[in-house]
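*Asks:* So you can see what is in the structure, the chains are spelled out below.
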Amino acid sequence: MVVLPSQLLGDIRNNKAGRGTFIEKGKIYSERLGILSKKMGYINVVPLKGRYNPVEGDSVIGIIIETSSSSWLVDINAPYPALLHVNEVPWSIEFGDTEKYLNYGDSIMAKILMVDESKRIQLTLNDRNLHKIVGGHIIDVEPSKVPRIIGKKGSMISLLKKYTRCRIFVGQNGRIWVDGDEKGIEKVVKVVNMIENEAVSYGLTRKIESLLKKDAKDVR
Amino acid sequence: MTIIPSIKRDYLCRLAEQGKRIDGRKFDEYRKIEIKPNIISKAEGSALVKIGNTQVLTGIKMDVGEPYPDSPETGVLTTGAELVPLASPDFEAGPPQEDAIELARVVDRGVRESEVIELEKLCIEPGEKVWIIFVDIHVLDYDGNLFDAASLASLAALFTTKVPAKRFDLGEDFPLPLREPPVSCTSVKFNNVVVADPCLDEEEIAEARLTVATDKNGDIRAMQKGLSGSFTKDEIKKVIKASINNGKEIRKILYKSIGK
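Heads up: the protein sequence lines correspond to chains A and B, in order. Quick note: the first sequence uses this note's numbering, first residue 1, plus one each step. Quick note: the second sequence uses this note's numbering, first residue 1, plus one each step.
Careful, some of the hints might be misleading.
With a straight-line cut-off of 16 Å between C-alpha atoms, the simulated EDC-like cross-links for lysine to aspartate or glutamate are [to be verified]:
(1) B/26 to A/186
(2) B/20 to A/181
(3) B/20 to A/182
(4) B/20 to A/31
(5) A/183 to B/17
(6) B/162 to B/63
(7) A/183 to B/23
(8) B/248 to B/28
(9) A/190 to B/23
(10) B/32 to B/249
(11) A/49 to B/141
(12) B/241 to B/29
DEER-style ranges, computed between Cβ atoms [to be verified]:
(13) A/35 to B/173: 36 to 42 Å
(14) A/24 to B/3: 37 to 43 Å
(15) A/51 to B/24: 25 to 31 Å
(16) A/80 to B/166: 28 to 34 Å
(17) A/15 to B/26: 31 to 37 Å
(18) A/201 to B/165: 34 to 40 Å
Hints listed in this document are in silico derivations from the structure and should not be mistaken for laboratory results. Given the structure is predicted, the values throughout are model-derived calculations rather than measurements. For every residue, glycine included, the Cβ atom is placed at its ideal position computed from N, Cα and C.
Bound conformation, chain A alone (with noise of 0.2 Å):
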């Protein structure tokens, strides 16, 4: 269902007030354009579109817009830059070679290390499968779409390296990379448009499904 900002959702005496929403006189109301979803008590709105809305702990894809003597800024689409600070890579870098490692334009796959009451957004690179990225393409779809991508337990995507041959890493800010050839990543690029488009039908991955066997010859 979709619901409207403002919108009164729920009493708090029965459910608990979650992403999306805000309390007001013991109501809960919506607090953006989207959908509704009830999940354990919670009520969550599910925003239709917007910015990503950094959690601790998520795997995020940046891009570097900032480079100072002892930390860069990175642009992961939310609200605010994130900061990477030198002490979160895996380098030891000297004072002032930040440069040398990461510059202007150069992507990132990242961790969400810490988002402060204020929302100040940590970076770290210090982690299994984090790095600089190099090759490929990076897709941007809406944020809110991301699990839909993903799919049930990885259904999707796991079908989309299945049919493409291609690596992808969806970042959970609406960042998604595919490293792979040519052919591959035009299909994976028509696809994900195709499944942000329709990222509300019944049976999606079974059309999806459909749709790369057509035109797969030879599956891994």
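Position chain B against the provided structure of chain A, taking the given hints into account.
*Replies:* Just chain B now, with coordinates in the frame of chain A:
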């Protein structure tokens, strides 16, 4: 300003080297163009133009006012553009920025220099009273190539315009006197390839941009070069040729939409 990740730029360049574009078009191919004329009832004329996902709405208002002293017997044309924040995260509210002013000027020049409006017929009393045409361009959705969408919307809107003479006690309403319309076609250059009708990704990495307005006979009526890069002589010839060819197709769509 959006930052373009360098790997996205590299991907677009790699595709271009193989003669491909990100949305599968040919280098000189346009996206789907849709024109909906007369969609605002309160305006004298209006049109909504879609080029792919780019959407531009133009409204025409007319008023009676004083002519400029150097042209006392011709009507006045004023073009304004607004890039509302609704259209793109890059657009800011407030007074028009450089890009909005350039957009309005390019549209204005295309319309003015092609002499599509018979401004001399819009004189009421020489030196005292003439018709003033306000062309207001609103960008609703930005996915590249605003120039073509805006000028096409303005032309389609002009063709639906009725001069509101009755409201000013100047006789019966009459359609705006018009000649043959010009058609603007924009191309951009990046990584030594020239592509027509750039989408947002292509526009973001573009080095140079050239807008050419041609008329029915294939004569050039207006041109605007943008951005800091350069074109070679051959590339400019190519752009002009592509503009004339695409202009023919777009003119057909324009005529069809206004029922001519």
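*Asks:* Name the hints, by number, that the structure is in violation of.
*Replies:* 4, 13, 16, 17 and 18
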